[in-house]
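Start from the sequences, fold in the hints, and give me the full structure.
Residue numbers (the working numbering), protein chains in the order written: chain X, 1 to 103; chain Z, 1 to 111; chain L, 1 to 275.
Calculated directly from the structure, the hints in this document are not laboratory data.
Each statement offered as a hint is correct.
For the chain Z half of the interface with chain L, some residues (derived, Cβ under 10 angstroms), not all of them:
| # | residue |
| --- | --- |
| 1 | Gly73 |
| 2 | Thr75 |
| 3 | Glu80 |
The structure displayed is predicted, hence computed values, not measured ones.
Glycine included, every Cβ here is placed at the ideal spot set by N, Cα and C.
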Amino acid sequence: MSNGNQQAPGTGSRSPRSGGGPVPATYSSSGQPTAPAPASPSRYQRIALVDLLDRLLAGGVVISGEVRLAIADVDLVSVSLRALIASVSTPGARGPAEEEDSR
Amino acid sequence: MTGDVDIGESPARERGSQAFLGQRIDADPESVERGLACLVLTIVELLRQLMERQALRRVDQGDLTEEQIEKIGLTLMALEDRMGELTEHFGLRPEDLNLDLGPLGSLLPYD
Amino acid sequence: MADDSGIWMYAVADRMAPEWFRDVAGIAGEPVRAISAGGLSAAVTTVRLAEFGEQALRRNLEDLGWLEKVARIHHDVIEAAAQHGPVLPMRLATVFRSDANAAAELARRQEDFAAALRRVTGRTEWGVKVSARPPATVEGFPEADRSGTGGTGPGAAFLRRRRTQLTARDNARQTVAADAEKIHLALDELAVASYARPPQDPKLTGHAEWMVLNGAYLVGEEGSAGFAAAVHRLGADYPELRIELTGPWPPYSFAVVEELDAGPTGTGERQETAR
Numbered sequence: 001m002s003n004g005n006q007q008a009p010g011t012g013s014r015s016p017r018s019g020g021g022p023v024p025a026t027y028s029s030s031g032q033p034t035a036p037a038p039a040s041p042s043r044y045q046r047i048a049l050v051d052l053l054d055r056l057l058a059g060g061v062v063i064s065g066e067v068r069l070a071i072a073d074v075d076l077v078s079v080s081l082r083a084l085i086a087s088v089s090t091p092g093a094r095g096p097a098e099e100e101d102s103r
Numbered sequence: 001m002t003g004d005v006d007i008g009e010s011p012a013r014e015r016g017s018q019a020f021l022g023q024r025i026d027a028d029p030e031s032v033e034r035g036l037a038c039l040v041l042t043i044v045e046l047l048r049q050l051m052e053r054q055a056l057r058r059v060d061q062g063d064l065t066e067e068q069i070e071k072i073g074l075t076l077m078a079l080e081d082r083m084g085e086l087t088e089h090f091g092l093r094p095e096d097l098n099l100d101l102g103p104l105g106s107l108l109p110y111d
Numbered sequence: 001m002a003d004d005s006g007i008w009m010y011a012v013a014d015r016m017a018p019e020w021f022r023d024v025a026g027i028a029g030e031p032v033r034a035i036s037a038g039g040l041s042a043a044v045t046t047v048r049l050a051e052f053g054e055q056a057l058r059r060n061l062e063d064l065g066w067l068e069k070v071a072r073i074h075h076d077v078i079e080a081a082a083q084h085g086p087v088l089p090m091r092l093a094t095v096f097r098s099d100a101n102a103a104a105e106l107a108r109r110q111e112d113f114a115a116a117l118r119r120v121t122g123r124t125e126w127g128v129k130v131s132a133r134p135p136a137t138v139e140g141f142p143e144a145d146r147s148g149t150g151g152t153g154p155g156a157a158f159l160r161r162r163r164t165q166l167t168a169r170d171n172a173r174q175t176v177a178a179d180a181e182k183i184h185l186a187l188d189e190l191a192v193a194s195y196a197r198p199p200q201d202p203k204l205t206g207h208a209e210w211m212v213l214n215g216a217y218l219v220g221e222e223g224s225a226g227f228a229a230a231v232h233r234l235g236a237d238y239p240e241l242r243i244e245l246t247g248p249w250p251p252y253s254f255a256v257v258e259e260l261d262a263g264p265t266g267t268g269e270r271q272e273t274a275r
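As structure tokens, this is what we get:
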């Protein structure tokens, strides 16, 4: 099996725009790591929280039923996401750094 | 382009005017007032936008006099100015006026 | 198992080896270990219910600082496992009452888990987000007034301006929506499965732009370079739009273990393309 290189060709940037984007660890589903996955904070800082929570809160396998501690899945998503929205949207306060659109 | 969300120092605790956060009611009167103003002004803004579109449709129907059209325009202009004043008075930005309706998206278009 | 602890589950795979997680701290700094049953393995950590039980979770999930810390640990452990083969990530805060319960769940649904693992084997998730300038910035071009607001007063002038603005914004919205649809379809062609996630709120993304597409695409390994290249090309084809590629991700959006309607929640639509 070929060494599946998941890195975008050329630069390490994952975004078509210059400035790059989050670069999580490169890996291959065939089990051949294409680059070591450092567990350093610098790697983890580059994944945007919004993208991460988007997936962790509304994606992934859902276990329901008695074996799990009873947390209604809908509650989990709505409570967490709304809390996130609420915490960064206090009226009048600046939340996330609001970038100028640099197109 | 996507960087980390700048978390700042204000966790959800400091804001509490939405029902789904349950027990976390923020008792600070100033922010309660602002939260209420935000809600009210959001509704007013929705109405204002609807009225503008309705007025334009009415003008399109072609049965208004020039005088009537002029008056409608002046009224809407004044309404827009007034909304701006009120919003500013409560320390709100135009983009603060919105309501998240969950699966239905936002009340106002992302304007 | 003590009554005051639970089992936090990160992911399920054919096999999980504790040494994979030597350099990755687990939840609350506790070690990551493996539970096996039904020919499957899950990466787990024992957690205190005082912090991770139902009531505590409801409280803590509202704390963005806590949520971020926990989310990144969860993701880092999943990434570490994904270095060694296909994994099924669990939703954040999947906590079992005991090892036995966790193992029983693996055994009970082993076929479903195995099928889900096969679906993501040799495949990677990529995210593509498409955003547009907010319609409010679209002004439009004043055109000859067709509708009788030809009056000379400021009121009539206001109506003319407003009409031009609103028309331009409506058109901009329609165009952008149509473009986003085209982009999604083009990328779906290159993927074995796609999922249109709900767009991210501008307040979360931190920029004012209006997100029109938040797509997740499951792409075969051999197709990843081509997929990234296609996204680059689309960025050039649609200069009015901001197109961002994120990834590679463990298959969060495609970790569907069929049971009734288990699957990613949200208002997005799933598309599976048989290939």
